[in-house]
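The listed protein sequences correspond, in order, to chains E and D. Heads up: the first sequence at position 220 corresponds to 1139 in this note's numbering, and the numbers run straight through without jumps. Heads up: the second sequence at position 100 corresponds to 1019 in this note's numbering, and the numbers run straight through without jumps.
No lab work stands behind these hints, which were simulated from the structure alone. Hints are not guaranteed to be accurate.
[What the hints assert, rightly or not] Stretch-level coverage of chain D by chain E, calculated; a stretch enters the list once three of its residues show a Cβ under 8 angstroms from a Cβ in chain E:
(1) 1023-1032
(2) 1053-1062
(3) 1066-1074
(4) 1145-1155
All of these numbers come straight from a predicted model, not from anything done at the bench. C-beta atoms are modelled at their ideal positions from N, C-alpha and C, and glycine is treated no differently.
There are 2 protein chains.
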Amino acid sequence: MARSQGRVPRLYCEQTLSARSKLTLPREASHYLVTVLRSGDGAVVRLFNAIDGEWQCVISHANRKAAQVICEERLREATPPPDIDYLFAPLKSARLDYLAQKATEMGVRQLRPVITRHTVADKVNLDRLRANAIEAAEQCNMVYVPDVAEPEKLKGVLASWPDDRTLIFCDERAGQANPVDTLKQVKPGPMAVLLGPEGGFSEEERDMILAVPTVVALSLGPRIMRADTAAVAVLALVQSVLGDWCADK
Amino acid sequence: MARSQGRVPRLYCEQTLSARSKLTLPREASHYLVTVLRSGDGAVVRLFNAIDGEWQCVISHANRKAAQVICEERLREATPPPDIDYLFAPLKSARLDYLAQKATEMGVRQLRPVITRHTVADKVNLDRLRANAIEAAEQCNMVYVPDVAEPEKLKGVLASWPDDRTLIFCDERAGQANPVDTLKQVKPGPMAVLLGPEGGFSEEERDMILAVPTVVALSLGPRIMRADTAAVAVLALVQSVLGDWCADK
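Can you make the complete structure from the sequences, with help from the hints?
Right, dumping it as structure tokens:
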């Protein structure tokens, strides 16, 4: 879906949105509206964030450097995502962009890069991760953007794993099993999905993961999937069985 | 996974593979092995196709234009994919590449471009679709490559829909419903998944689709997904409930 879908541009906005408030948009958003879309005074724009929801706004003063808008009407409340964190070993840049977009589209609360022994990317550009998450949320009509956490070492993450958060471990070496049945045995509540780097986890890492009290190992099926494919595939199953992609929840 | 994963290059090969047969590889494969990977005489390479399976071969004469190999030993039988066709409205090029790769990784029998009223791409490069499917099969350790069908108009496809093939219709406008429960009601057998263009199906198209006797409308959940994301998400569900991503099948 294009940013301008339904003709009205839709942008994430960190500032507070409330009735009749006047905002000066940041330079990048102003540039996008005024220079790219050629929106002038009186043009309508939708702004959203995870606290104030989505608002219909009108441009009161179009300026390339700093467009001003007035908030008119709240269109939607913010919709918090299911409490699913997504833990992943960072990939090289293009596939990491894709992974951040896709995990956002699939509805996760937080993107958490974890550094593992076989992680191929040695640096993580958090601004870029966040920009990808924002772009996906803007395009996919979501009224929140997942948080992007600082990278952490896997060992530290596991050592302080909270008692109440189920850890769904995507285990390439698990015996083949029905993933729907596996997920149906998980009790509802806070969750996280952990997916490894392209080279897989080391033996020691796998043992540490399987020692977490709330761990559930999930089979990834008969085919090898690339990490960005597996992200979408596994989150589709988790959302369908335990998240919000079903009528019962 | 890189092509050279496990050090031994792995390539799709249309020629017949059998014990002690001598093959001259096509120019592109020869170039990849000899110039890119710098494989010389005596180097091992794995070749596969959907009929003869996967073979360990040895380069008998390395030449940039036409490397010769000798087939030594069959490593794996061909593994036919689940009988799931993937019908999709073509996207613009980069996302179409991605879609072809992803649908291949998710295990479909055939990629079928269908032209709909709101299809954004007016031409389909079948060679490129096929090259993407082959690359995904090579990288994901599969011993088949999905067929790539000629583009057809949706109307014609639906008019001659076979009685015995379930049509799983990814319907953005279906009321929200548990997708696992929906899929569990499908009887095993030949299947197809149909996903529309970014602008959705027209009213008339939707009526035609829903009039197919074997149609099953599948809810896509509470978020808008881009078409290439939806491809992976829906195929993950179909493979988990009806395909080969579970132990029971």
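Please write out, lowest number first, the hints stated earlier that are contradicted by the structure. 3
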